[in-house]
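Take the sequences, apply the hints, and build the full model.
Residue numbers (UniProt numbering), protein chains in the order written: chain C, 1 to 211; chain V, 1 to 419.
Treat the hints with caution; some may be incorrect.
[Unchecked claim] Calculated pairs, DMTMM-like style, for lysine to aspartate or glutamate (alpha carbon to alpha carbon, straight line, at most 25 Å): (1) V:K277 with C:D203; (2) V:K277 with C:D112; (3) V:K286 with C:D206; (4) C:K78 with V:D266; (5) V:K141 with C:D47; (6) V:K277 with C:D122; (7) V:K386 with C:D112; (8) V:K120 with C:D70; (9) C:K53 with V:D163; (10) V:K286 with C:D180; (11) C:K186 with V:D266; (12) C:K53 with V:D117; (13) C:K78 with V:D139; (14) V:K286 with C:D122; (15) C:K64 with V:D139; (16) V:K326 with C:E209; (17) C:K124 with V:D163; (18) V:K197 with C:D76; (19) V:K277 with V:D266; (20) C:K190 with V:E122; (21) C:K53 with V:D266; (22) C:K64 with V:E218; (23) V:K326 with C:D122; (24) C:K130 with C:D47; (25) V:K326 with C:D112; (26) V:K341 with C:D47.
[Said to hold, decoys possible] Chain V is faced by these chain C residues, among others (derived, beta-carbon under 8 Å): (27) A46; (28) I66; (29) F198.
The set of hints was computed from the structure by calculation and includes no laboratory data.
Computed from a predicted structure; not experimentally measured.
Using N, Cα and C, we set each Cβ at its ideal position, and we do this for glycine too.
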Amino acid sequence: MFCQKVRLTQENMTKSTVLMAAVCLLFSISLTSLQSLTTAKNGGQADTLHYPKSFGFGRTATLKEIALLDTDVRPDGKGLPAGSGKVSEGKLVYAAKCSGCHGATGVEGPNDQLVTIKNPTDPKVKARNKTIGNYWPYGTTVFDYIKRAMPFNQPGSLTDQEVYNLTAFLLHENGLIKADDIINAKTLPKVVMPARDFFVPDDRRDGPEIR
Amino acid sequence: MPDQNGNKPLITEKKISRRTLLGGAATAAVVLAQTASGKNFQAALTKSELHLIEEIEDPTKVPGVRPGTLGTRSPFEKPVKAPSDISSRTPLQDLFGTITPSDLHFERNHNGVPAIDPAKYELVIHGMVNRPMVFTLADLKRFPSVSRIAFLECSGNYRGSVDGKVTPQQICGLTSQSEWTGVKLSTLFREVGVSPKSTWFLAEGGDAAVMTRSVPIEKGWEDAIICYAQNGEAIRPEQGYPVRLFLPGWEGNINVKWLRRIELSDQPFQTRQETSKYTEAIGGGKIRQFSFTIDARSIITYPSYPQKVEKGWIEIRGIAWSGRGKVVRVEVSTDAGKTWKLAELQDPVMDKAHTAFRYLWNWNGQPTEILSRTVDETGYVQPFLKDLLAARGGNMGYHYNPVTAWYIQNDGQVLFKAT
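Below, the structure written as structure tokens:
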């Protein structure tokens, strides 16, 4: 489906230009089909073959300005800041800054449920029971997301320390770490997330099969 | 008298004062005078107010409105989006053709629409690149541009109803179509020198959700556009002003709006949106992830609920689209799915674009069901709801694109019916 990593060399630029010119002169009607063939081959970049190597627009980014924006955390822990968090401290932050939307124990809402209820029978509770404990495949995502987007009414206002504490608390409430476990850049990527095994890449394909 | 914007009011003061004698009519007149500049034109005029406007004059006997600085929508036409706390849906049943007026394009955001000053806007591209770079909006506009007409659809775009009282807007109003203009991401990739070892990139928004999604690098090279314009003007704030990512044919959420940062990487970032949010249970305890492509779909927008039709000739109209390529066929059934006929497709049929279809039908007045289903160029056939449910272990969720049926009662009332 994709034609990735098309490296445009001077050579294929020239070849293509010459070929196009020849076709243009001799069989101008065929130009469209040649273009679409080239488009398919080069992943939609055929009309950019004549571009210069660089336009010279834009400027080099400084490390400082990148660091200000680059807060993302990968599953391998890349991007996690210094510091560490405790369950007991996280409990206090949660009560003060999160419980209003997610409920006293992370179950009640009104917004997203964060903590798993074991074996719910009420279908409504069951449907709502999509939590960090049973639907989040990576612990690192908890840190990344809280830091960038929470609390909803004051996004980005939490310190790294508060985010580490909250992450520890929420993982513990879901039974994923012990009460005295410390969460930091080394331990967080190693937390075993039960949902991890459920996730599969897209298995739909072109063609008639319904998946 | 001209207002502060230099526009002449629609109705002269003399006429307004004359209308005041009519009581309520004054309200209508004042509203019109205030909206002559084209602003706030959807001011709520009641039915009786509209009626009074109709009565104002024979339009051939009074000079009309002078040219203005902005065009306006007739006060008789009031298509509106249907908002919730998190999204707002396009009134598909009120539209014609395939281009969605920009102010009716659906909206979905994860913590509101941010206010971004274009003069301060910057896009940072870094990570696995030769040279991390910053581009201003002016920089982006200097690069060679590209325009393309394509649909944009939220992957969570199916709603049914037990009583049948749902409009196309309510069923699947989270799809819209625009002409998108910007710079190809591949052009910027070459400018920064993306490492051949890079396999994914992170796209990050500058909204209060600081939305992030991981995108396979192939899509970036293939047809991704860094868009700054929509339907000939700057992108609307609700659509990502001043700059958004556009990935033709892929689920709405990954087309990150208010784009501020792209980070090249050799693995996905597993962000909240691509793990615990825009993923779907498919049975057997499995959850499907990175399901980017929008499967082929169609819906009849006329006739549809809440319309009532009359016996006789009806042009059945609708739209069909596929994130996998072009629509090659739309079939329509007017006998509850027993037989299917080919609908006409309106040229030009474009890749990953809403395509208008129509089928001329002479309704005999007997209750029946009308349906449409589409086939795309990969041979994908739009499924019935029951087939989708069967294929996904009975789970509902994202990427639901079922055939939609409309039941027509003997009194002509049209109602939704699940398939």
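Status of each hint after checking the structure:
{"no.": "1", "hint": "V:K277 with C:D203", "verdict": "18 Å, holds"}
{"no.": "2", "hint": "V:K277 with C:D112", "verdict": "11 Å, holds"}
{"no.": "3", "hint": "V:K286 with C:D206", "verdict": "21 Å, holds"}
{"no.": "4", "hint": "C:K78 with V:D266", "verdict": "12 Å, holds"}
{"no.": "5", "hint": "V:K141 with C:D47", "verdict": "18 Å, holds"}
{"no.": "6", "hint": "V:K277 with C:D122", "verdict": "23 Å, holds"}
{"no.": "7", "hint": "V:K386 with C:D112", "verdict": "29 Å, violated"}
{"no.": "8", "hint": "V:K120 with C:D70", "verdict": "18 Å, holds"}
{"no.": "9", "hint": "C:K53 with V:D163", "verdict": "60 Å, violated"}
{"no.": "10", "hint": "V:K286 with C:D180", "verdict": "32 Å, violated"}
{"no.": "11", "hint": "C:K186 with V:D266", "verdict": "20 Å, holds"}
{"no.": "12", "hint": "C:K53 with V:D117", "verdict": "31 Å, violated"}
{"no.": "13", "hint": "C:K78 with V:D139", "verdict": "31 Å, violated"}
{"no.": "14", "hint": "V:K286 with C:D122", "verdict": "22 Å, holds"}
{"no.": "15", "hint": "C:K64 with V:D139", "verdict": "21 Å, holds"}
{"no.": "16", "hint": "V:K326 with C:E209", "verdict": "17 Å, holds"}
{"no.": "17", "hint": "C:K124 with V:D163", "verdict": "21 Å, holds"}
{"no.": "18", "hint": "V:K197 with C:D76", "verdict": "18 Å, holds"}
{"no.": "19", "hint": "V:K277 with V:D266", "verdict": "22 Å, holds"}
{"no.": "20", "hint": "C:K190 with V:E122", "verdict": "36 Å, violated"}
{"no.": "21", "hint": "C:K53 with V:D266", "verdict": "24 Å, holds"}
{"no.": "22", "hint": "C:K64 with V:E218", "verdict": "29 Å, violated"}
{"no.": "23", "hint": "V:K326 with C:D122", "verdict": "44 Å, violated"}
{"no.": "24", "hint": "C:K130 with C:D47", "verdict": "46 Å, violated"}
{"no.": "25", "hint": "V:K326 with C:D112", "verdict": "38 Å, violated"}
{"no.": "26", "hint": "V:K341 with C:D47", "verdict": "39 Å, violated"}
{"no.": "27", "hint": "A46", "verdict": "11 Å, violated"}
{"no.": "28", "hint": "I66", "verdict": "5 Å, holds"}
{"no.": "29", "hint": "F198", "verdict": "5 Å, holds"}
Hint compliance for this structure: hints 7, 9, 10, 12, 13, 20, 22, 23, 24, 25, 26 and 27 are not met, and every other hint is.
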